[in-house]
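Asks: Go by the hints and put chain X onto chain Y.
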Amino acid sequence: MNTEIQNLQRTASQVRRDIVRMVHGCQSGHPGGSLGCTDFLVALYFKILKHDPAFKADGIGEDLFFLSNGHISPVFYSVLARSGYFEPSELATFRKLNSRVQGHPTTHEGLPGVRIASGSLGQGMSVAIGASLTKKLNGDKSLVFCLHGDGELQEGQIWEAAMFAPHNKVDNLIATIDVNGQQIDGPTKLVLSLGNLKAKWEAFGWDVLEMKGNDMEDVVNVLENAKSRTGKGKPIVILMYTEMGAGVDFMMGSHKWHGVAPNDEQLELALAQLEESLGDY
Amino acid sequence: MKKYTYTDKKDTRSGFGAGLLEAGKQNHEVVALCADLIGSLKMNDFIKEFPERFFQIGIAEANMMCIAAGMTIGGKIPFTGTFANFSTGRVYDQIRQSIAYSDKNVKICASHAGLTLGEDGATHQILEDIGMMKMLPGMTVINPCDYNQTKAATIAIAKHHGPVYLRFGRPVVPIFTDDDQEFIIGKAWMVNEGKDVSIFATGHIVWKAIQAGEKLAEMGIDAEIINIHTIKPLDVEAVLKSVAKTGCAVSCEEHNRLGGLGDSIAQVLAVNNPTPQEYVAVNDSFGESGTPDQLMKKYGLEAEDIIDAVNRVIKRKK
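Residue numbers (the working numbering), protein chains in the order written: chain Y, 83 to 363; chain X, 28 to 345.
With the rest of the complex left out, here is chain Y (with noise of 0.2 angstroms):
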């Protein structure tokens, strides 16, 4: 394995770190989800996207990542922090009063590196379209990436948008589904199955692809062919295949972590299997 697929596990051992005292800190908000799109995130941002932690909103010439499950907003604000748009420490406020470090991600407060608010699911794949819009009507080459619970997928809005992007071409748009089979009330194929996801998608139009995301070298691997196939006339979708609570052994396997809080021996527990590599906020 090359060193930087290693620097970029180590980055995740981090972030896995911060999602669990975050969570732990105000003892609410997603770890299962957060922890199982790490490696993902952490590869986006610090191998993937053009982008710039000075943080322009309009993003203009950089790459964007939008987050439409907004609920695993934990690994998006320590990735984003760790990736230089705010101080670590601030992630110390999570969920608590006066702090731009909200529940649930969102300009409101103007947190660098956020550019829509996300929790109602189901809006961000029309969101990224429309930002892959302007980039194309702008001239603009670089990519528009968003992230989906695969939970997010029983949303009709997912499908409207689904159908839209093959139709105009939207080929400068890479969309992530996280296959991680849970969902807040149990297995999603008990709550409403989702079938086959790779047939659904190949014939709403679309580029698909299939990724273990809790593979780094993978990830990353699957991550460039993606952005290989940009502009041929197809948007990409890949169907990222992880386990809710990756990293933390009692947190994966079950549903159960999906919003549940560690207390302090489990918290204990969980840091005991994750390497401090960038120092704890």
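No wet-lab data here; the hints were simulated from the structure.
Mixed in with the good hints, there may be bad ones.
Unchecked claim - Under 10 angstroms between C-beta atoms, here's a sample of chain Y residues computed to sit facing chain X: (1) I87; (2) Q88; (3) R197; (4) S208; (5) A243; (6) H249.
For each residue, glycine too, the CB sits at the ideal point set by N, CA and C.
Replies: Then chain X, alone, in the frame of chain Y:
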């Protein structure tokens, strides 16, 4: 009573279409989106002039609102077009989260508002849209009174930064405002100065208020008529100044009496200067099929209804 005449009648949606074309000429960042109602929204001229700046979304209003929100990132000024019902109730959460809360520079342009959409009936006749939109923090709500004012408002909102709800309609109504008017968002228009009653009207019902004012003058009642084209932010100063003089108010709107212009006026009066007020509005009901004229009459939105309300409110003056 100041004399108002008209030589032509047009639908306010055509004023929107003309304004959109002009806004597009003035600013290359203006883009338009439509959910399968190009003809109804009178967007054809814009599309012909700027085909690359028009986006047909299909029958997917939620997608349209959020695409519009996303398009602002990078500097576009999106104008969305569909019926008022599908511009508000159907997509309230999309507007709330992705446009209003996110402070996106989207212009939500809504045709076929109110009863006067006519024969399609209550499924399409939204009477709650002003209420829903004015409750969103940061949302500007505009309901112009004729073709010229709608055109001017459309051009004005392109120059205003922030989310806007622009409401207009299907029926052909008199054109009585100037074709070169300056539209100032949030600034009420004094239609007629008077001393006995303040009539606050929004949308095409302003013409009915003028008709009522002429008849009231014959009855010896000197009515002040104010066009509140911007419901939010409300021109509080104009409202208070008028009632300080007249001592009573009548609000007129093609909207449910709950949540519309009347409630905005009542709130200002209750807090600042408690004053008798009567409502000319739809009395908390859905509409039904019929011609626009039949519906305006049945639901109590005619000049005669305004006169009745004036007579009632004047009796309540201290």
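Asks: Against chain X, run the beta carbon of S208(Y) and see if the smallest gap drops under 10 angstroms.
Replies: holds (3 angstroms)
Asks: Identify whether the interface hint at I87(Y) stands, where standing means a beta carbon of chain X within less than 10 angstroms of its own.
Replies: violated (32 angstroms)
Asks: Answer holds if the nearest beta-carbon of chain X is closer than 10 angstroms to that of R197(Y); otherwise answer violated.
Replies: Because about 5 angstroms separates R197(Y) from the closest Cβ in chain X, which is inside the 10 angstroms limit, the hint holds.
Asks: Hold the hint about A243(Y) up to the distance rule: shortest CB distance to chain X must be less than 10 angstroms.
Replies: holds (5 angstroms)
Asks: Let me know if the C-beta of Q88(Y) comes in closer than 10 angstroms to any C-beta of chain X, holds or violated.
Replies: Hint on Q88(Y): violated, closest Cβ of chain X at ~34 angstroms, above 10 angstroms.
Asks: Tell me if the interface restraint on H249(Y) is satisfied: Cβ within less than 10 angstroms of some Cβ in chain X.
Replies: holds (8 angstroms)
Of the numbered hints listed earlier, those contradicted by the structure are 1, 2.
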